[in-house]
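We have chain Z; now place chain E onto it with these hints.
Going down the list, the sequences are from chains Z and E. Using the numbering used here, the letters of the first sequence correspond one by one to residues 1 to 340. Using the numbering used here, the letters of the second sequence correspond one by one to residues 1 to 340.
One or more hints might be untrue.
Chain copies aren't distinguished; within one or between two, either way the pair holds.
[Unchecked claim] DSS-like mimics (lysine-lysine), calculated; alpha carbons at most 30 angstroms apart, straight line:
#: 1; residue 1: Lys250; residue 2: Lys75
#: 2; residue 1: Lys70; residue 2: Lys7
#: 3; residue 1: Lys179; residue 2: Lys27
#: 4; residue 1: Lys258; residue 2: Lys75
#: 5; residue 1: Lys75; residue 2: Lys7
#: 6; residue 1: Lys258; residue 2: Lys299
#: 7; residue 1: Lys31; residue 2: Lys297
#: 8; residue 1: Lys179; residue 2: Lys295
#: 9; residue 1: Lys179; residue 2: Lys11
#: 10; residue 1: Lys31; residue 2: Lys11
#: 11; residue 1: Lys31; residue 2: Lys7
#: 12; residue 1: Lys297; residue 2: Lys250
#: 13; residue 1: Lys299; residue 2: Lys75
#: 14; residue 1: Lys250; residue 2: Lys7
#: 15; residue 1: Lys27; residue 2: Lys250
Since the hints were made in silico from the structure, they are not lab data. The model shown is predicted, which means the values in this text are computed figures rather than measured ones.
2 protein chains.
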Amino acid sequence: MGRREGKKTLKFDAPPSIAAFAAVGGKKEGKGPLGGCFDFVYQDDSLGQSSWERAEVALQKEALQRSLDKAGTSKGEVDMIFAGDLTNQCIASAYGQRETDRPFFGLYGACSTMSEGMILAAMAIESGLARRAAALASSHFCTAERQFRMPLEYGGQRAPSAQWTATAAGAVLLEACGKGPYLTRACAGSIVDFGVRDMGNMGAAMAPAAFCTLFDFFSDTGSRPEEYDRIISGDLGRIGSEILCELFEKEGVNLAQKHSDCGCLLYDPATQDVHAGGSGCGCSAAVLCCDILPKLKDKRLGRVLFMPTGALMNNTAIQQGESIPGIAHLVELRAYLEES
Amino acid sequence: MGRREGKKTLKFDAPPSIAAFAAVGGKKEGKGPLGGCFDFVYQDDSLGQSSWERAEVALQKEALQRSLDKAGTSKGEVDMIFAGDLTNQCIASAYGQRETDRPFFGLYGACSTMSEGMILAAMAIESGLARRAAALASSHFCTAERQFRMPLEYGGQRAPSAQWTATAAGAVLLEACGKGPYLTRACAGSIVDFGVRDMGNMGAAMAPAAFCTLFDFFSDTGSRPEEYDRIISGDLGRIGSEILCELFEKEGVNLAQKHSDCGCLLYDPATQDVHAGGSGCGCSAAVLCCDILPKLKDKRLGRVLFMPTGALMNNTAIQQGESIPGIAHLVELRAYLEES
Numbered sequence: 001m002g003r004r005e006g007k008k009t010l011k012f013d014a015p016p017s018i019a020a021f022a023a024v025g026g027k028k029e030g031k032g033p034l035g036g037c038f039d040f041v042y043q044d045d046s047l048g049q050s051s052w053e054r055a056e057v058a059l060q061k062e063a064l065q066r067s068l069d070k071a072g073t074s075k076g077e078v079d080m081i082f083a084g085d086l087t088n089q090c091i092a093s094a095y096g097q098r099e100t101d102r103p104f105f106g107l108y109g110a111c112s113t114m115s116e117g118m119i120l121a122a123m124a125i126e127s128g129l130a131r132r133a134a135a136l137a138s139s140h141f142c143t144a145e146r147q148f149r150m151p152l153e154y155g156g157q158r159a160p161s162a163q164w165t166a167t168a169a170g171a172v173l174l175e176a177c178g179k180g181p182y183l184t185r186a187c188a189g190s191i192v193d194f195g196v197r198d199m200g201n202m203g204a205a206m207a208p209a210a211f212c213t214l215f216d217f218f219s220d221t222g223s224r225p226e227e228y229d230r231i232i233s234g235d236l237g238r239i240g241s242e243i244l245c246e247l248f249e250k251e252g253v254n255l256a257q258k259h260s261d262c263g264c265l266l267y268d269p270a271t272q273d274v275h276a277g278g279s280g281c282g283c284s285a286a287v288l289c290c291d292i293l294p295k296l297k298d299k300r301l302g303r304v305l306f307m308p309t310g311a312l313m314n315n316t317a318i319q320q321g322e323s324i325p326g327i328a329h330l331v332e333l334r335a336y337l338e339e340s
Numbered sequence: 001m002g003r004r005e006g007k008k009t010l011k012f013d014a015p016p017s018i019a020a021f022a023a024v025g026g027k028k029e030g031k032g033p034l035g036g037c038f039d040f041v042y043q044d045d046s047l048g049q050s051s052w053e054r055a056e057v058a059l060q061k062e063a064l065q066r067s068l069d070k071a072g073t074s075k076g077e078v079d080m081i082f083a084g085d086l087t088n089q090c091i092a093s094a095y096g097q098r099e100t101d102r103p104f105f106g107l108y109g110a111c112s113t114m115s116e117g118m119i120l121a122a123m124a125i126e127s128g129l130a131r132r133a134a135a136l137a138s139s140h141f142c143t144a145e146r147q148f149r150m151p152l153e154y155g156g157q158r159a160p161s162a163q164w165t166a167t168a169a170g171a172v173l174l175e176a177c178g179k180g181p182y183l184t185r186a187c188a189g190s191i192v193d194f195g196v197r198d199m200g201n202m203g204a205a206m207a208p209a210a211f212c213t214l215f216d217f218f219s220d221t222g223s224r225p226e227e228y229d230r231i232i233s234g235d236l237g238r239i240g241s242e243i244l245c246e247l248f249e250k251e252g253v254n255l256a257q258k259h260s261d262c263g264c265l266l267y268d269p270a271t272q273d274v275h276a277g278g279s280g281c282g283c284s285a286a287v288l289c290c291d292i293l294p295k296l297k298d299k300r301l302g303r304v305l306f307m308p309t310g311a312l313m314n315n316t317a318i319q320q321g322e323s324i325p326g327i328a329h330l331v332e333l334r335a336y337l338e339e340s
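Pulled out of the complex, with its shape left as it was, chain Z reads as follows:
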């Protein structure tokens, strides 16, 4: 039986092990600093499909299949799948999983979906109701642009504070017993809205949610940034990351020493014009699976906090003058169990 630590932190009694993980990405992502770490990079972002939406479906299926292949297992051995994406009604996940015949839980956590799925998968394993569960998330630049912003053909200009939706997907396979890395603790986020209304500055909208979740986790567990090798937020980009570190500075905590952000890791700001950084469910999912988990697996990293962040608005809400609520779900990942 797991238990709660402090107010919101979840502590797994038998921390699930991450049996396998895989990341696939598009051409631009392949040219970034992590390009060589992806399991597969598509040179054509259509993935040979007749629509961008079908391309994202294919992307997500490929990530799951590669994680299964790496674990030497098959879909039939997965007890539950937790998946989500940014498309309206999450169709990349629904169409991506319609042939798997596995119990499916559709999620909407915007760019926080990867850790939302990992927490639920870990909870399912802790409850004894699943032995093996998959968490996956995807995004595609072209499906996101035409849905949230402009038709691609329009060539609309982007604000300097805007982020670039990654064409990428990541899949993680968790199991009850294994050699790690382990998901040891988690802190599921609450919705936080500080009143930011600018759709072109998601980092600022999500930073307060990241602050609240991380602050709750530190308070609940009595831990400090120094205890972690890296604290990696998802998709805050450069502006959101600065705000997050500033908010901690005001609390007398030096987060910057350990902090990095998936939105800043995926692209090279010198050669790739993504303005404030990367975003999209697939951004943090892919960075987790091509950079963080490999390093935990071969013990180059010992303890990591991984905290994707999501912005929970839609176009209609923004047109109605609403502000942008944010959320951040945190998981603690460890290379060794004996460290605890």
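Then chain E, alone, in the frame of chain Z:
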């Protein structure tokens, strides 16, 4: 620790108890056969808000608050909230929960959301990571019409096979120990797509998913329809219900004797023109909370299977010629634990 029974069925070792539940609805729902059972019926479907989306937000908040009031508890005592709706990016849930400061898991299961949330809430309690968790879902006729179909002002005609999205919300509060009703078993659905492409006939698109989940549950547990007082699907409407019963007939199982459907229960076909029946996440959520759970609570029902169904497409997918994938999540509810 819970365990799996057969291939897909989840059996809760310490079945969570449903501490409280509440249903709120709009004017049309209030005039239906269950109108007198709602906790509150709004006479103005705008709920006094400046947009339909804000009205749905208010509807969902009201359902949760009323369930908390009935349990004699407050938001602070809820360890996790599982919520979803039909709006793009599930904003009714996100904006509805932005002031609760509780760990929030956003779901997208279309009209199956209520049972998806209940399964996850039960799993969280079974894992020991939550003592008390809420599951909620909402829909609003006017947010759904303009998003999925036509501007209301256009007055578009509806096909006879079309269903009417309910303006309603339901909230269920589960806890580790209590006097019931109990959530004893569950069967999380897989995505099933039999190739139906007609957005005006969702019942037909979802019926195969309902069949698969229920068939899996019967196979896994060795149980039969006769063992239940009622087997209630969500939102198949009249056409989908007929297909579901026909599919079971072909397997030699008489489902019709025990079967009813939330989409057929919410409105009176003689006096309310909803064509093939009701639909929307709020339809099954409200029918559960205003009809099924009250009868389980005062022991007028002993054993019930509740199985909301969802159609997982979006407008873009349909425009691209895709078929409609369906899903159905089942929960077994019992008035007494000693019956097991």
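Run through the hints listed earlier and report the numbers of any the structure violates, in increasing order. 3, 4, 10, 11, 12 and 15
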